[in-house]
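Build out the structure end to end from the sequences listed, making use of the hints.
Residues in the sequence shown are numbered consecutively from 1, following our numbering.
Accuracy of the hints is not assured; some may be wrong.
To be verified - Between beta-carbon pairs, the in silico distance windows are:
hint, residue 1, residue 2, range
1, V54, D16, 18 to 26 Å
2, L22, R49, 26 to 34 Å
3, T9, S38, 16 to 24 Å
4, E21, D56, 27 to 35 Å
5, L52, G15, 17 to 25 Å
6, S7, F57, 26 to 34 Å
7, F57, E21, 25 to 33 Å
8, D24, F57, 24 to 32 Å
9, L18, V53, 17 to 25 Å
10, D56, R25, 14 to 22 Å
To be clear, the hints were calculated from the coordinates, so they are not data collected in a lab.
Backbone N, C-alpha and C fix where the C-beta goes; we use that ideal spot for every residue, glycine too.
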Amino acid sequence: MNARPSSTTLVFAGGDPLPPELVDRLPGPDAFVVAADSGLEHAQALGRRVDLVVGDF
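Below you can see the structure in the form of structure tokens.
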């Protein structure tokens, strides 16, 4: 976990992946990224660094 201050938090959750037209609108690399359950796979597929993973695994 790379906890660091950020004014923006991005949460990836389970379900369908984001449509490509929304990916470019995501916050930048300085956002604090949380992945819930299979949202971890979505974040990794987009090459996003994840700061916190939560879920029942």
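Please flag the earlier hints that this structure goes against, numbers listed from lowest up.
Violated hints: 2 and 10; rest satisfied.
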